[in-house]
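J.: Read off the chains here:
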Amino acid sequence: MFEQIAANKRRTVLLIVGAFVFLGVIGFAIGQFWGGGPTGLIIALVVAGGLSIGSYLYGDKLVLASTRARELSPADAPRLHNIVEGLAIAAGIPKPRVYLVPEMAPNAFATGRDPEHASIAVTQGLLESMNRVELEGVIGHELAHVVDRDMLVGTVVATVVGAGILLAEFFMRSWWWGGFGGRRGDDRGGGGAALPLFIVGFVLLALAPILGQLIKLAVSRNREYLADAQGVLLTRYPPGLIAALRKLGASPTAMHSANNATAHLWLNQPSRFEGERTGRLESLLATHPPIAERIQRLEEM
Amino acid sequence: MDAVLWLAIGIVVLVVLVGIYLYNRFVTLRTRAENGWSQIDVQLRRRYDLIPNLVETVKGYAAHERELFQNVTEARARAAGASAPDDRARAENGLTAGLRQLMAVVEAYPDLKADRHFLELQEELAGTEGKIAYARQFYNDTVAKLNTAIETFPGNFIARWFSFTQKEFFDIEDHIRAPIEVDITRDA
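Protein chains in written order, with the numbering used here: chain H, 1 to 301; chain G, 302 to 489.
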């Protein structure tokens, strides 16, 4: 279990380093064409950073509002409150606020920038379909996100990847409109030798938005495994989360407020459609690892 | 000459920095362990507060189980009065055993099992027992970290100089997934 957690952490660090390398390569590629030095890179970083910090500070309220969550008092849901409080004690953090999302699909998410400003939201469906040990498994997973400051990790990755995408798109657009076609000739004496590099750089920049998204999604999936492992470390009872994930996987109910902007937050990827969805492309584009894989890793602990 | 001097200064600075880091780590762990201990205490007291209420409610349906009520009440008084950690742990185990018996008796009274007030108390009790177990888990994990840090190199020197001492584990029975609450809450 501890080895899994350590391996997951290493992978996350690797992915974050990957995100920075991604930004660096794009900055370098543009520098090759543009010759403008790091100015563009810095501007893109500032813009993406500003947007990310905004979402870091106010994202929780936005998310809770967009899912129509309402706060639950201990009298409304004594069992849920008891579980959240108990696991918060186990994690050594203040008790997060508890919200209810009026959806029948069983699911849950955690938000808030640090353990002092954390909120946990569960759907009506989750509250109704899960027994105590399963709820504990789910809440343990969500609290692990809080303890790990996944909002912060997400913010860093979003900033870095966002800056890269911004740069690449800006570059492609200005190239498209022919804004600096002439300057390229000035920079280099022999055009023939630079051509392969030009093509590589061009392809890279064209693919940058997709690549950036893939990095973001890989980080998200990896954080899910990490939260599974650490959540179980809190409850000390893997079968609870396993049973909860099975129920989640078996539930055919669609989620109405599902959208791409908040998909990565949930315990399991919310589906807008009834029934199952699979496919290789989808697993690459998924914010969450497949449930079967998550269960298998939990069973190995 | 100069290079050697700078190297010596660098090493001293490094040692001091490591020392400060270790010292702060000890203080953090010790404070966390103390917080953990008071959290256990809070939850155990919450359980003491629940017991008279619970006994009264059960009495309303099963008045003749007098001996059992007395046992639980006495166990509660013993646990609340104990001070040393191992005395307390023993008393708490006795109390837990008594509560389990009480809850087993409840099985024979369907009316009681359907009583709303009783169900609320039962959830409170199950929740509190969960919190006791989690508080204990947090405390013991922290104590394990503290004790390891105190024994391993180079922390052992810092610990000796500033007299950080190892703490005792708190060993009570694990109630968290004990049968005490399962029947009703599961699939309820």
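Keep in mind that the hints were calculated from the coordinates and are not lab data.
Any given hint might turn out to be false.
Heads up, simulated DSSO-like pairs for lysine-lysine below, C-alpha to C-alpha not over 30 Å straight-line [as the list claims (entries may be wrong)]: (1) H:Lys95 to H:Lys61; (2) H:Lys95 to H:Lys247; (3) H:Lys61 to H:Lys9; (4) H:Lys95 to H:Lys9; (5) H:Lys9 to H:Lys247; (6) G:Lys360 to H:Lys95; (7) H:Lys247 to G:Lys414; (8) G:Lys446 to H:Lys9.
J.: Broken hints, numbered, in rising order?
T.: Structure breaks hint 6 only.
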